[in-house]
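Protein chains: 2
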Amino acid sequence: MIKKYSVKKLLNQGKFLLNKKVLVEGWIRSFRYSIFISLNDGSTIQNLQIVLSTNNKLDKIIMKKITIGSSIKVIGIVKQSIGKKQYIELQSLDITIYKLVNPEIFQKSILQPKRHSFEKLREQAHLRFQTNIFSCIMRIRHHIAFSIHKYFHEHGFFYLHTPIITTSNCEGTGKMFQITTMDLKKNQLIDYAKDFFKCKTYLSVSGQLEAESAALGLGKVYTFGPVFRAENSNTSRHLSEFWMIEPEIAFYHLEENINLAEKFLKFVIRYIVENSMEDLIFLNQCLEKWKKKKKNSLLEKLELILKFPFKKISYTETIKILDQEEKKKNIKFLHPIIWGMDLKSEHEQYLVDKYFKKIPVIIFDYPCSIKAFYMRMNNDGKTVRAMDVLFPEIGEIIGGSQREERYDMLLQRMKDTNIDFNKLWWYLDTRRFGSVPHSGFGLGFDRLVQFITGMNNIRDVIPFPRTPNNADF
Amino acid sequence: MIKKYSVKKLLNQGKFLLNKKVLVEGWIRSFRYSIFISLNDGSTIQNLQIVLSTNNKLDKIIMKKITIGSSIKVIGIVKQSIGKKQYIELQSLDITIYKLVNPEIFQKSILQPKRHSFEKLREQAHLRFQTNIFSCIMRIRHHIAFSIHKYFHEHGFFYLHTPIITTSNCEGTGKMFQITTMDLKKNQLIDYAKDFFKCKTYLSVSGQLEAESAALGLGKVYTFGPVFRAENSNTSRHLSEFWMIEPEIAFYHLEENINLAEKFLKFVIRYIVENSMEDLIFLNQCLEKWKKKKKNSLLEKLELILKFPFKKISYTETIKILDQEEKKKNIKFLHPIIWGMDLKSEHEQYLVDKYFKKIPVIIFDYPCSIKAFYMRMNNDGKTVRAMDVLFPEIGEIIGGSQREERYDMLLQRMKDTNIDFNKLWWYLDTRRFGSVPHSGFGLGFDRLVQFITGMNNIRDVIPFPRTPNNADF
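For the record, the sequence lines run as chains A and B.
Mind the numbering: the first sequence is residues 1 to 473 in our numbering, read in order.
Mind the numbering: the second sequence is residues 1 to 473 in our numbering, read in order.
No wet-lab data here; the hints were simulated from the structure.
This one's a predicted model, so the numbers in the text were calculated from it and none came from an experiment.
Treat the hints with care, since some could be wrong.
Treat identical chains as interchangeable: a pair holds within one or across any two.
[Said to hold, decoys possible] Capping the alpha-carbon separation at 20 Å, the derived lysine to any residue pairs in SDA-like fashion look like this:
(1) Lys-263 <-> Thr-180
(2) Lys-194 <-> Gln-178
(3) Lys-200 <-> Ile-190
(4) Lys-382 <-> Asn-418
Please work from the sequences and hints to get the whole structure.
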């Protein structure tokens, strides 16, 4: 039997396969001079050059029929290429056509080889996996996901599947999707005792509270799953359904949490730089062409994340810096700088992009009034052990905290912030059994993919985006 | 600074740490003779023995206060142990108590060290991570998940996040959960134009159709995410929310799909045997004690999966075998054996457990009338290129098929089976662009965990199970 190779493997091992007979399958990306086929199979951004033989009868028939986008199987001999673009090429012996694409249909699709807008690609989301740009992003997305599992696995974390269907709202804020099996058409009185779970249920916005209870037994855990927000946010940075990573660690104080966030992010970005270089280079070329960005801007941006320690400053220091900058440098923020305020994008951007010259910043010890009930209160009674990691370009990429592990303090905070502590009895209950200092954070996976790939719109880094008014495909 | 160790690391590296000062944190699992503390931190099933000093004033105070379940930090010197159970122990120098557990509360909880029923553990699901049995299962669950990502990553698959919120029902059967942001209390006419996505939306039962469109660009992909079934199945094998793995591969015929399924399952089980032995041994001991199973029955069951090639027979052969067995051996199945019937558990169990003596069986080429619309029709016009992998004990663990890649055939099948092909326009559309032979399968992750851990009830292998009438925690 003739051995089957992916295009990636064939190009990587080509040197050792010269004059060998191999089998390869894929889609035709271009067809030049009636003899050169560029074949791609999704395994890499690179194409394999197939050379048809003008002496071969079968090939002559093929030449007349072939259309771009068609799918074929090729058996051929690996040869050293005369062209400069590739080291090897495949001299065709036998071609089987799986499906010839109708050129008329093809021309109306996003597969036609010319530049299409990202909006148009989204309208044909079922086909965009066949485009260079989107397959690049999907491969990088895979490597980011894998590196995340790898990091946590190697550092003794256990992967935890927290429930998607839930009766509680972790943050106590934000709109949620409701789930039901009741027949809504019937216009009858809604009786939750007759619903599937015998109560009102929602799609989870976070697995943190469940992850905390797991960390209090397993030590170190992390979640990596979908979460949902029913906010009417039609922006380039929001999805109604997105993937989140939430590590949670027993015996961790905020300082260790901050260190973990930095090490973890650097590990992932280093992994991508080391394992997805071809795809990064292609994306760089696209950004240069389409957005007139300077050469290698994407790679330089990533290298900058790796090069220096992240800046770490308290919220109070942050306010001081912004206040001083406003006074000294004649900058005027839209939102005035007052201790106690939530930081807006304009502040975060100024801080990271201007003040710290694109080095990531970790801000900690935020006012309790602007943070969630589960964060550990500091002795000052005003601030909590919160932390946000701010990245250049995209702003907040991680939000986390040391959790309130003291039963009485937690209960008080729940009361103060109108959290239904009867519903969360089990969460509170974990503080009665061997409660320990513990910390964790949440990372929006899609936003990280957006940062690493340099895409403007988060809808272009996830296979089938869900946003207000849109659940297509 | 004194270096912090997990119990696992300390026990593993103990030999090289003799007489070193180390820091370790965890929960007290037992306290004997007023000087021996067994400490566990979730990193391993093993406990670390802490030896209190009767000369140390601080330790004397501690001795009086300490309760089982409490959380502590210990600084101590690593010593060779005199006991036989462990190689090293920790001579305490300084102990910090994080939280002393009230013995009264403790005694009412599942943490009290005696045997509790699995039902009771489920009622306190937020605490069961602190029990030996459940922490074992959770660690194994992690290793299974990691080995799955590892396998696909190393074999050139890309991890794909298919949407959870969907407008379509892949199988064309089965009840789904509906999602909405409408205020259901108001008892008004339901108008989906006013709903979040401007149409009726559901929780996905499978990511297969989307994965197919991705495989037609990326070559090899796999999903690993939650799926949902609103069936009223209150059994030990069903969850309303569970995790599924769905690889999908372009240019794969059924035979390659079958081989992939076998190699993949063997890889995962081998990985667990090689990486989770301590936890498997503990589970084995529990099964011996609680269910009177014979020694190492769990390990032997897993070894049997690895030892022989899986049996591969067609549906038609299966029917013949069952028919012959019924006649020859005086067995009477409840459901009579007729070609065209769906195989019931009694048939599958007989086939795997009795006829093939607990070696997994892969049955292929099922009648089209009992399988989904997307499976590739055979030339006989009666059977489709379906495959099911049957395991001993649990029955079907994988269901898959070669997909119908021919536009006309697929459209006809959709019509014949009343699938709304207007809604699935995009799925059909992929067959107009470089369509190729492709295959894939679905594996219920939780059922695999159930098989590997030997648990009777699937609710005991997932952190917070969702089943009819139950969305607690």
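Here is what the structure says about each hint:
In this assembly of identical chains, Lys-263 and Thr-180 lie within 20 Å of each other by CA distance neither inside one copy nor across copies; the values are 41 Å within and 39 Å between. In this homomeric assembly, Lys-194 and Gln-178 come within 20 Å of each other (Cα to Cα) both inside a single copy, at 15 Å, and across copies, at 15 Å. Both within a single protomer and between protomers do Lys-200 and Ile-190 lie at most 20 Å apart by alpha-carbon distance, with minima of 10 Å and 18 Å respectively. In this homomeric assembly, Lys-382 and Asn-418 come within 20 Å of each other (Cα to Cα) only inside a single copy, at 18 Å, whereas the closest approach across copies is 62 Å.
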